[in-house]
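Kindly generate the complete structure, drawing on both the sequences and the hints.
Every number in my numbering is 4 more than the matching position in the sequence shown, counting from 1.
Do not take every clue at face value.
Per label pair, the in silico range of CB-to-CB distance [to be verified]: (1) ALA299 <-> ASN44: 42 to 52 Å; (2) GLN156 <-> ASN68: 41 to 51 Å; (3) GLU236 <-> ARG159: 26 to 36 Å; (4) ASP115 <-> LYS260: 46 to 56 Å; (5) MET286 <-> ASP75: 48 to 58 Å.
If you are wondering where the hints come from, they were derived from the structure by calculation, not from laboratory data.
This one's a predicted model, so the numbers in the text were calculated from it and none came from an experiment.
Even for Gly, the Cβ is constructed at its ideal location relative to N, Cα and C.
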Amino acid sequence: MASNSIKEDTVIEHSVEQDTHTIVEQEQAQNVEKNNSSANPSSQQQLLGFAKKFSLDAAFLPENKQAPLEDRAYRRKKLDELRQQKNMEEIMLRAAQYCSDGTITDRADQDWFSHFVRLAEGISNKTMQNLWAKILAGEISHPGSYSLKTLQIFRSMSITEAKLLAKACSLAVSDGRKKNIRVISGAYQIPKLFNFFNRQRQQRLDLSLAGLNYADILTLADNHLLFEQEAESHALAKGEKIQFNYNGKPLSFVAKKADAILTFYKFTPIGTELAHLVNDNMDDNYLTTMKTQLAENFIIEG
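Given below as structure tokens:
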């Protein structure tokens, strides 16, 4: 992160009203109190911390020490506005780091940007801010990269679900343009009379050993990132090759037998768009396992 980035407790400049300055100073004091608190606070302490941070703690005070309800509502609204402004300034600063200074032909849509701001202004988690910044930079550099529907889905995702997407991406293969992305789950040979009783005819990859269990797949499917049902490749002829890209490196599957088929979980269009946010991160152990487990039907090179 650049040294000129907006710090957590930095007062947003250009606040012109005196009461706004007071609100910001009070929020800073609350942040200091939070940082000095126990590393493992109780649920009550966490609740009180949120209540103070969002100006909802009046009910915890004696009635004679409570500010008027109208003042409390105003203070909470102003705090929320300041927080949203600070969030967006942080995202804009991060996005600038992902943009090049070269000229581009197409211009990003202003309505898209307005929709982006409404969805992103409530994001204060630094990891998620960085992902929103990548979305903004990607859309400005290549208009049409991220649909409004994708923004809506991403806004509903938690940091845990975002990490699940990153894990799926680390196991996924794609075509050269990263348009068709899939997580290979196994392989088999079409059953025929001569191979029907061959126990090695079908192989399954245990994705849970690589950190992606079936519950995770269902979670990704619930977020419209992955199709829940497995898909299949066409039946390959003996010696036929399918070429993939695996986290930036070429990977080819050569059929050792006629009618060999790959099975996989396919990314949805939304999942495909969001996969571009994730940096290449090859899982060498998974690659080794895939080469070993699918060796009955495929030679995997790469």
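Each hint tested on the structure:
no., hint, verdict
1, ALA299 <-> ASN44: 42 to 52 Å, "holds (48 Å)"
2, GLN156 <-> ASN68: 41 to 51 Å, "holds (46 Å)"
3, GLU236 <-> ARG159: 26 to 36 Å, "holds (33 Å)"
4, ASP115 <-> LYS260: 46 to 56 Å, "holds (53 Å)"
5, MET286 <-> ASP75: 48 to 58 Å, "holds (56 Å)"
Hint compliance for this structure: every hint is met.
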